[in-house]
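For the protein sequence lines, the chains are P, D and G, in the order given. In this text, residue positions in the first sequence follow the numbering used here: the first is 1, and each later residue adds one. In this text, residue positions in the second sequence follow the numbering used here: the first is 1, and each later residue adds one. In this text, residue positions in the third sequence follow the numbering used here: the first is 1, and each later residue adds one.
Just so you know, these hints were derived from the structure itself, not from any lab. In this text the structure is predicted, and so the values were computed from the model without any measurement. Certain hints may be false.
Said to hold, decoys possible - If you anchor each label on the Cβ, the simulated ranges turn out as follows: (1) D/Lys335 - P/Trp18: 48 to 56 Å; (2) P/Glu165 - G/Gln156: 36 to 44 Å; (3) G/Ala15 - P/Lys264: 27 to 35 Å; (4) P/Ala44 - D/Thr313: 45 to 53 Å.
Said to hold, decoys possible - DSSO-like, lysine-lysine: derived pairs with alpha carbons at most 30 Å apart: (5) D/Lys165 - D/Lys318; (6) G/Lys198 - P/Lys133; (7) D/Lys174 - D/Lys150; (8) D/Lys174 - G/Lys198; (9) G/Lys198 - P/Lys10; (10) D/Lys356 - D/Lys150; (11) D/Lys77 - G/Lys140; (12) D/Lys318 - P/Lys222; (13) D/Lys174 - D/Lys256; (14) D/Lys318 - D/Lys335; (15) G/Lys140 - D/Lys256; (16) G/Lys140 - D/Lys165; (17) P/Lys103 - P/Lys164; (18) D/Lys318 - D/Lys77.
Cβ coordinates follow ideal geometry from the N, Cα and C atoms, glycine included.
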Amino acid sequence: MARSVTTQRKIINTAAAWTVGMLIFFPILWTVLTSFKTEATAIADPPVFLAFDWTLENYSTVMERSDYMRFLWNSVIIAGGSTLLGIIIAVPAAWSMAFVPSKRTKDILLWMLSTKMLPAVGVLYPIYLIFIKMGLLDTRTGLVIVLMLMNLPIIVWMLYTYFKEIPGEILEAARMDGASLKEEILYVLTPMAIPGIASTLLLNFILAWNEAFWTLNLTAAKAAPLTAFIASYSSPEGLFYAKLSAASTMAIAPILILGWFSQKQLVSGLTFGAVK
Amino acid sequence: MSPIRSLCAASVLAMVTAGGAFAETTVTIATVNNGDMIRMQGLADEFTAQNPDVTLEWVTLEENVLRQRVTQDIAAKGGSFDVMTIGTYEVPIWGNQGWLVSLNDMPAEWDADDLLPAIRDGLTVDGELYAAPFYGESSMVMYRTDLMEKAGLEMPEAPTWDFIKEAAAGMTDKENEIYGICLRGKAGWGENMAFLTAMSNSFGARWFDENWQPELNGEEWTTAVNFYMDLMNNYGPPGASTNGFNENLSLFQQGKCGMWIDATVAASFVTNPNDSTVADKVGFALAPDNGLGRRGNWLWAWSLAIPAGSDATDAAKKFIQWATSKEYTALVASKEGWANVPPGTRTSLYENAEYKAAAPFAEMTLGSINAADPTNPSIKPVPYTGVQFVAIPEFAGIATQVGQEISAALAGQQSVEEALEKAQALTADEMEAAGY
Amino acid sequence: MATQHSRSAARLMMAPAVVLLLGWMLVPLIMTLLFSFKKYIPLRGGDLGWVGFDNYIRFVTSSAFWPSVSATLIVVGGVLIITVIFGVLLAILLNQPMWGQGVVRILVIAPFFVMPTVSALVWKNMFMDPVNGLFAHLWKFFGAAPVEWLSQASLQSIVMIVSWQWLPFATLILLTAIQSLDSEQLEAAEMDGAPPVKRFAYITLPHLGRAITVVVLIQTIFLLAIFAEIFVTTQGSFGTKTLTYLIYQRVLESQNVGLGSAGGVYAIILANIVAIFLMRMVGKNLDA
């Protein structure tokens with residue numbers, strides 16, 4: 001930026017931005033802090049911010065009560081599996097939309113997005129019956145399929161916008177050199193699209209990780225992910241803020257950490273590739 | 001290997017390893033996250049030690065989620081669970097449909113005759129016992145003896161609603177955040193409507209007349225709900241319209257309630273010095289009446305049942321036998337003390353001197369349970385069974401919506417009369433849809 | 001440039017995605033349609049025969065229907081307005097030169113990572129609880145009576161919770177768009193003495209049109225389906241029953257699959273109306 005900025009203005013900007021940032025982040029921070037309090041401290045009046053006896057007892061209670069690692073592992077498999085499967089199916093589709101567009105491409109794309117508007121509750125019963133028939137109830141395979149279908153429109157759309165950025169001439173040059181369609185996609189297009197694919201992967205991983213309707217309703221013990229884990233900590237008897245906070249922290253920590261380490265991809269992922 | 005190819009390989013691998021087989025019998029247990037159930041889960045190692053060929057899988061969920069999950073699963077015959085935690089509302093309906101496995105063939109040492117008759121009857125359909133009670137409850141008045149004394153009143157063993165109102169007025173001290181009475185206000189058939197239905201019984205109200213015509217806008221309901229509103233608006237805590245059992249429990253434990261009329265199981269929580277700041281200042285009394293010959297107490301038992309079609313029926317029975325046996329009670333007593341054993345299911349427990357010594361609320365609990373009569377809940381005759389519910393499949397849906405109307409009235413968004421008119425209309429509508 | 005060969009190859013490559021989504025849409029849709037014309041109550045034995053349009057009539061004539069439509073519109077509209085307005089303001093703020101921009105950006109996007117269930121639980125219990133919530137303490141500190149958020153201001157509370165979750169998304173898209181704005185154009189306008197408000201209205205805002213469209217499009221898709229936030233906080237009490245939640249109540253709480261399916265069909269119709277509307281908008285604004 002060519003504008004010269006006075007230090008004074010920069011200070012004001014910084015202060016304002018940090019204040020707003022902290023306000024937005026505060027609920028998460030408060031949850032994490034509360035998870036280290038005792039139940040009595042958690043509801044202390046007036047609330048204590050930092051000056052309390054930090055304890056890990058809530059975490060050990062939660063670990064003792066539920067098999068956290070299994071929920072976590074299920075979440076990883078379900079979110080990861082559905083995202084990968086979705087990308088495998090979406091790459092060819094997005095490729096053909098981006099490089100061999102027809103009159104209907106835009107319509108197909110928007111139709112795909114509109115399938116996301118089907119109210120899940122409305123079709124729960126049919127899906128449940130189909131799952132029973134196919135033996136998919138409480139299996140990770142079943143959830144991988146459903147979440148893949150849920151997110152497929154978004155994946156196709158994101159990949160399409162990324163692919164469109166790639167100049168068609170490069171592909172044509174490869175074709176001139178005698179590359180087959182498969183080689184063209186695998187060796188020319190894919191490497192160029194890696195950043196876009198990575199962003200798509202990350203964003204859809206998060207969406208699948210946080211999906212709470214299907215994951216809760218189509219699982220029991222074997223395939224239940226972290227969304228089901230958290231459902232056993234809301235509003236039990238007596239004081240529960242600290243335990244709830246610990247369980248919440250455990251449910252969101254993996255994704256927060258992942259997000260922080262891959263911030264750059266994520267930021268471009270969050271824009272769904274739609275804005276440059 | 002190209003990235004895409006390795007991604008493919010990884011996901012295929014993930015999907016192959018997703019399904020696995022167990023050599024031994026797996027029993028999947030769906031349970032609610034109440035304290036007693038969590039304790040059972042913790043003690044289940046004892047069961048698996050005795051039965052090494054059985055693996056237990058737990059699905060612990062919050063009450064609302066649990067209900068939705070198990071109902072959905074049994075109605076669609078999903079077969080996800082081998083043992084379900086359900087209550088006295090579900091058992092007769094599901095038993096009637098033939099969806100539950102009969103427990104009449106439980107071994108003699110389990111001693112079905114020891115179960116409290118009121119509880120056992122509630123879980124029996126046409127002579128078949130369809131669920132084993134894990135803990136049973138009625139409702140009663142829990143009150144602060146110190147605040148009562150300060151107000152210069154004395155709680156009778158069997159108070160009337162008028163006395164409750166007088167006491168609530170005497171104990172309320174809003175300056176110090178002490179509210180005379182805490183009652184359920186959160187909408188839900190198992191939340192405010194459980195309380196209100198039981199309370200209305202003592203005012204002579206009933207959900208339906210003998211021809212299944214709803215009576216919600218009738219005089220008795222109007223009087224009962226107005227009385228409730230009056231209590232809550234004048235002597236209740238702020239935000240009462242979102243308070244359920246758990247919220248009130250924590251208010252009472254923090255010493256913010258003078259009286260609390262709720263489940264008898266709460267007695268052991270409010271008298272437990274680890275959780276309760278008022279543990280040594282709690283007294284108990286029977287649920288109030290209005291001089292009409294009925295008290296406003298309910299009857300409920302969280303019970304374990306096996307859905308028909310489970311592929312582990314025998315192992316599931318073994319587990320249920322273990323979890324609802326006298327030995328389990330003794331096990332909890334030896335580990336956590338007698339005050340913490342699951343109450344309200346067996347006669348033998350109330351004859352146990354050690355239990356009676358450790359649980360000052362034992363007599364009152366037993367008396368309340370025995371006083372409830374699910375077949376004659378109100379003063380006038382009714383076509384249904386159930387004290388704080390109506391044992392028909394439509395009730396949960398109807399009562400939750402009615403509960404929302406009353407909750408909205410409690411929050412000041414509409415009048416009692418408006419709420420009851422709406423409740424009447426939606427009940428009539430749903431009953432018509434169901435073909436009554 | 002495309003040959004006949006690559007055209008048919010393209011069609012083939014699109015096939016898996018299209019076929020799968022078509023199946024995902026049609027199979028449950030046809031089953032839902034079928035159920036919607038039946039009296040289908042699992043707890044009374046399941047399929048109890050055809051009833052024509054009874055379920056459709058019953059669903060719209062129920063006293064809960066129109067309030068649920070308006071609750072849906074308020075939630076979707078409210079969240080869209082809040083996230084777009086605050087998103088624009090935040091994007092402008094974050095685009096200013098400052099120290100620690102990267103960290104602030106992380107703080108701002110963090111809510112997006114939080115599961116809806118968790119965020120609803122945290123807001124409900126630790127902030128909006130009228131006795132132990134932080135807001136109650138804050139209000140008391142200033143000598144005001146604590147607000148009973150989830151009963152007295154129920155819809156507003158839900159809009160607030162959902163907006164918190166979606167603000168990061170709106171902010172980031174708008175920020176990316178603002179960063180691509182030609183700063184020379186702005187400077188030129190500044191030189192010409194155009195006041196900040198005018199510069200914003202005539203240069204920045206038009207430039208953001210496309211980004212705002214994307215925000216509205218994507219968010220609407222997700223907002224029409226919100227469920228966890230209501231299930232956890234109010235369970236549909238106090239006028240927070242959206243259309244999605246009403247269908248849930250019919251299908252799962254009342255276990256009336258026929259009636260709920262009819263509601264599902266209405267919701268699909270509503271979604272398609274919104275979709276057509278959005279597509280018009282997108283067609284104009286989005287060079288897809």
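- Ascending list of hint numbers which this structure does not respect: As far as the earlier hints go, 5, 6, 8 and 11 are violated by this structure, in ascending order.
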